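S.K.: Mapping of the sequence shown onto the UniProt record's numbering: position 74 corresponds to residue 74, and the numbering continues sequentially without gaps.
Keep in mind the hints are simulated off the structure, nothing from the lab.
Please note that a few of the clues may not be correct.
Claimed, not checked - The calculated label-pair distances, taken between Cβ atoms and stated as ranges, are:
#1 165 to 127: 33 to 43 Å
#2 196 to 164: 13 to 23 Å
#3 68 to 134: 44 to 54 Å
Predicted, not measured: the structure shown is a model, and the values here were computed from it.
The beta carbon of each residue, even a glycine, is placed where N, CA and C say it ideally should be.
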Amino acid sequence: MAGKAAATTATTANNDSGSGGGGGGGGYIRTVTLRGFDGIRVRVSAGTMAAASATARARLDEAIRRTPRHAAVPDDVLINVPGVARPVLARVADYCDRHYGGGGEGGEFAAPEGYGFDDPLARFDDELMDGADVGTVVDLLRAATFLRVERLADLASREVAACMRGRTVEGIRQVFGIANDYTDEEEQDVRKENSWAFDAYND
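Build out the structure end to end from the sequences listed, making use of the hints.
M.R.: Below you can see the structure in the form of structure tokens.
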């Protein structure tokens, strides 16, 4: 599928723009448009998204299958990403552009850890997560999981784990805004039944 796309840079379009298509792209699907719950769109090269996202790759294949033979394929494929807004989708687009922007398998070569030179992709990943609050990181994980961008999902998962590390159960609830559905009595019963887990976690 990557060969079916012409590379473009990631851009954003406002809520009033069309579905991203036009008169059709001839033999090329040029872009994938990601739309969040706020209706604002982020447009990425189809080749980049085909390399980065299993979900996008499947949608692109489906668009080809639905196009009659000898007809022009659509210029753009729209993917609605539930539960996240444009700022998070813009980060997803930046990640995909940087890691997969060549339309190949992985873009730049990432050196193993411990080598004596700066890895630009590792630095980019650090910068992507630096300054992101917990809600943004969780939304990145949600978007990456939906789009099946495995490397980004792994990166966001590690960041979520880092936010949880060393915190008590109550602390985790507070950081992630998780409501406690148990009464005090029910929670005490659960703690007694699973005391080994709570004792180890709160050490």
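S.K.: Are any of the numbered hints broken by this structure? If so, which, sorted upward?
M.R.: Those not satisfied come down to hint 1.
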